[in-house]
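Participant: Sequence:
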Amino acid sequence: MLETLPAVQPPIRPDRGFARHLPATTALSWLAAGWADFRHNPLQSLFYGLASFTLSMLVIWGLVVVDLMWLIFPALSGFLVIGPLVAIGLYEKSRKLQRGEKVSLVDMLLVRPRSGAQLAFAGLMLCLLVMVWLRAADLLYALFFGLLPFPGFDQILSQLLTTPRGWALVLTGSAVGGMFAAFAMAISLFSIPMLLDRRTDALTALGTSFALTTHNLRVVLPWGAIVVLGFAMCAMTGLLSMIVIFPLLGHGTWHAWVALRPDEVAE
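Sequence positions in the sequence shown follow our numbering and run 154 to 420.
Everything labelled a hint here was simulated from the structure, so no lab data went into it. Don't take each hint at face value.
Pairwise CB distance ranges (calculated) [unchecked claim]:
{"#": "1", "residue 1": "Trp188", "residue 2": "Ala328", "range": "33 to 39 Å"}
{"#": "2", "residue 1": "His174", "residue 2": "Ala204", "range": "25 to 31 Å"}
{"#": "3", "residue 1": "Lys249", "residue 2": "Arg173", "range": "19 to 25 Å"}
{"#": "4", "residue 1": "Met210", "residue 2": "Leu374", "range": "47 to 53 Å"}
{"#": "5", "residue 1": "Leu370", "residue 2": "Val259", "range": "35 to 41 Å"}
{"#": "6", "residue 1": "Ile225", "residue 2": "Ala189", "range": "32 to 38 Å"}
{"#": "7", "residue 1": "Ser311", "residue 2": "Ala385", "range": "20 to 26 Å"}
{"#": "8", "residue 1": "Cys280", "residue 2": "Val329", "range": "17 to 23 Å"}
For glycine and all other residues, C-beta sits at the position ideal for the given N, C-alpha and C.
With these hints in hand, go ahead and build the complete structure from the sequences.
Facilitator: Structure representation (structure tokens):
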């Protein structure tokens, strides 16, 4: 008679603790905490914001010089992807303030992340992602308007708003850009703070950022809306308000990371 084999229980995957079950209004507390960090020696944050504004204007100037003006708006939207990388000095200020340490402008400009080499690798991946988006935007423009020279913003806006071809481009570009922006923001929002705060690899940081985003949509979506609204305000003011808004959002993003980071990387 054959003996009954013992039942084999598969190992239970441990809970990584990504979900935090925070109310949607928590995003406003992150913004308030970011404002508090901004007000602590505001000249440091303002200098950082001014540098970001200058960098953005240089990118726009370069696109105009090489006659690629139709890429200005996609390039500005791509800043949402690499923004967390640019804001690393703001994270460092908030991190030191949270620990009760003194922080100087040199600390913000010469950041020493826990995962320096991996941070550079993650930054390279995010930059490549932006290049893919710019190429996709270029192809979309060529698909609807051909290879004709860019007619200028006045004429192109008229075509976008008053012609079926323009409407199709707006709808298609919004759909493609929206999906790209959602994915890009999900993998970049918390990966850079994680690489600054902990010793890990770039792929783990990108994956953790995606998991934190998808497991906490109730609070991350409002924060994402705040970020998008902030960048919309920057666009409406000719990027001038970026000097204040970018540091504010950078400090707030650090507090979002602290509130959502997984247990195994929490202090």
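Participant: Of the hints stated earlier, which fail here?
Facilitator: 2, 4
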